[in-house]
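Put the two chains together into one complex, using the hints given.
Each chain, written out:
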Amino acid sequence: MDMLAIDLLPPLLKGLQLTVLLTIFSTILALCIAFLAGFARLSKFRLVRGFATVYVEVFRGTSLLVQLFWMYFALPMLVDIRFSAMTVAIIALGLNYGAYGSEIVRSTILAIPKGQVEASIALNLTPFQRLRRVILPQAWSIMLPSFGNLQIELLKGTSLVYLITLAELTYQGMMLRTYNIAQTAAIFIWILVLYYATASILTFIIRLAERRANVGRG
Amino acid sequence: MWDWNYTWDILPELIKVVPLTIAITLAGFIIASLLGVPLALARRSKSRWFSIPVTAIADFIRKTPLIIQLSVIVFVLPQLIGLSLPPFFAGVIGLGIHYSTYLSEVYRSGIDAVPKGQWEAATALNFKKLKTWIRIIFPQSIPPTIPVMGNYLIVMFKETPTLSAITVVELLMTAKELGSTSFKYLEALTLVGLIFLALSYPSALIVRAIEKRMQRRGRSVLTK
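Line order of the protein sequences matches chains G and Z. All letters in the first sequence, in the order written, are residues 1 to 218 by the numbering used here. All letters in the second sequence, in the order written, are residues 1 to 224 by the numbering used here.
These aren't lab readings, by the way, just hints derived from the structure by calculation. Every residue, glycine too, gets a C-beta built ideally from N, C-alpha and C. Possibly wrong hints are sitting among the right ones.
[As the list claims (entries may be wrong)] Derived Cβ-Cβ restraints for the label pairs, each shown as a range:
#1 G:Ile28 to Z:Ile30: 32 to 42 Å
#2 G:Phe51 to Z:Ala124: 52 to 62 Å
#3 Z:Asp3 to G:Gln116: 49 to 59 Å
#4 Z:Asn5 to G:Thr178: 34 to 44 Å
#5 G:Ile28 to Z:Ala124: 54 to 64 Å
#6 G:Arg211 to Z:Thr123: 36 to 46 Å
#7 G:Thr178 to Z:Lys116: 52 to 62 Å
Just chain Z, same shape as in the assembly (with noise of 0.2 Å):
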């Protein structure tokens, strides 16, 4: 049954961990953000040599489970190339490289979603192609992406107990080690659910909360 003085004993514990639960989720997020535009951009490209294996690659990252490409960076890489990972470095990569290809889905979401008549204003106003982007397309194109970027580094951080998989201590695999040395898996187990429980849903009522703004001010712009 729950013993609480255990629970009060196990709780800075776990606390401890939640820094790095942060600090891997972050820097897996900027990986994926980062690396998402290229993506974006080389989907959306003309060429058809570009776009095409482009588009086969991010289909093929986002239909095999993130804990198998884990692994082949853990395991296949070192063997193959000799390249051995410490597994927070090789967690964080392969969670920002999996993530890349949803959030590349969003840029190109959020580029296509530009009127095709601003991409025309800008040629007759002699705009380059590079201003193109900056002044026209981009503050455009981001605003509205941030709600759903919002919702993807939420969906990040509740994917982390995956890196487990590769020995990375983070919040669920801690859990697992105090349950083991005790016996008492129901109180660590359940103060992790809470801790994230505590985590996600303010961060996701937030996001909630800047899309439903977003979504007033558009309104009130299109029947300025």
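Bound conformation, chain G alone (with noise of 0.2 Å):
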């Protein structure tokens, strides 16, 4: 037996491929309501914050696997639409991560000292400008690192999906081992690896993003 077993590596990287597709449109969706969520929290209007409020203790108060069950296999009964398992994986990866990431961004802005809020109305900025010139640039800059753990969480989240039946990463490890039950152990060498390999270029990513949001900051 070849002991890297190269040959394992195309329907790995194959799956790795769903792997980082699945990683990359959850991550831009979770954003999106982690921003949504995170504001509606801090929302005037009780009505808006209720939601909001719901939907992040629902979405943290249950766990993904069974969000993805509850999507992929309840939700028809109840509605009578089936979603591909790709729409479904998308759905719920960037619904739960979204949660977490609006407490991320909830904190954040209230940790921006209130003399900048008081300082951009003495300033005559609009209520636009404030967010994008003065509140944003500061939290995004401390947000940055827990995006950053909360974006290996999701890319470890999406090896569940296999459970669903997409063949991503981990589908095709489970699938490639029940032909050759004897490289069990080079198969998972290699999908640790690649897992690894992907969090830690995610992970470099950030690093520079953090970089780059720090640059002119004390």
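Structure representation (structure tokens):
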């Protein structure tokens, strides 16, 4: 047996491709939701705040795998629409990590000193300018490290999607194993290495973004 | 559509698995909190031969999915060293090892948060190393970590459905089995979600209350 078992790589890399795609799409969705829900929780309107709080608590209070199963198996029985596994995966990952992300957004916005808001009002900035030019640039650099941790959690979360039969990295590995039981160890070592490499690249990208966000700040 | 009779039929079946799910969580948490201590100490160690490999291993465990680590325990260990664990133990050990890397990080930040002057004072008072740890460092570094550890306990509880992948019969697995015999997934899966919410949300509120109280106390100590 070839120790490195290079011949196992092509199917695993095909799975990795889907894992990366899934990670990118659900990260984009999660980021949008995180900002939307994070700001909604700071809204003046009670109803908006209420909705956002219920959303965040429900998605943080149940687990990702339960949400995936619920959307894939239970929801079609309720509304008679069947979504593809890919759609369910992106929506579930986006909603789940969006809920966690909204807490990061909310807490960092609250952490911006009050004087900053007062100064922007004194300078006659519009609320949008205040957000765009004063609050967000400061909040963004505080948010990034926490978003980085969440990004790794999201990447790991994509592995659960295998259980709703989406052919990503974990799924490809499990399938490969059923044909080559003898190579089980090599298969799993490759999967671990591929996840680790992907996670390390993501961490590196976020570090770069952190450095950029911190330019000109003490 | 929603069938209430069926819901009441299966609710007891699901409730029956709750103690086991909590047992998995607690056992995993105990392993994680115990294993986290040597991990944290090794990572703080001055000897590089010790701290670098341990940090690398912990980083590797944190950056790879739990489901793969569980599969390694269940599928690879029997082939490699002939050790085949029952799914329950494999699940508990996998969960424990995975989260020990997170808890070691919590401990480390707790220890690092103790002001340097405390170490110096202990040296000045001629305290031995062990006495310094037991009397000075641990009493100050443990309390701030309690709410964070509480949060991880809840996170681990919510992670237990992942164990269904290695055929541990917890809440989600039970719901799936119930669903596959009746083709009614809606009721069973919704109940599982509600049970998780009913247990984790109040726990989260308790943790938040402890956190607030400790922040207040911390402030009052500072102002004294």
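Quick rundown of the hints versus the structure:
Checking the proposed 32 to 42 Å range against isoleucine 28 of chain G and isoleucine 30 of chain Z shows it holds: the Cβ atoms sit about 39 Å from each other. About 57 Å separates the C-beta atoms of phenylalanine 51 of chain G and alanine 124 of chain Z, a value consistent with the hinted range of 52 to 62 Å. A hinted range of 49 to 59 Å for the beta carbons of aspartate 3 of chain Z and glutamine 116 of chain G is consistent with their spacing of about 55 Å. Checked against the given bound of 34 to 44 Å, the beta carbons of asparagine 5 of chain Z and threonine 178 of chain G, roughly 40 Å apart, stay inside it.
A hinted range of 54 to 64 Å for the beta carbons of isoleucine 28 of chain G and alanine 124 of chain Z is consistent with their spacing of about 55 Å. Between arginine 211 of chain G and threonine 123 of chain Z the C-beta distance comes to about 38 Å, which sits within the given range of 36 to 46 Å. In this structure the supplied range 52 to 62 Å holds for threonine 178 of chain G paired with lysine 116 of chain Z, their Cβ-Cβ distance being about 56 Å.
Going through the hint list in order, the structure satisfies each hint without exception.
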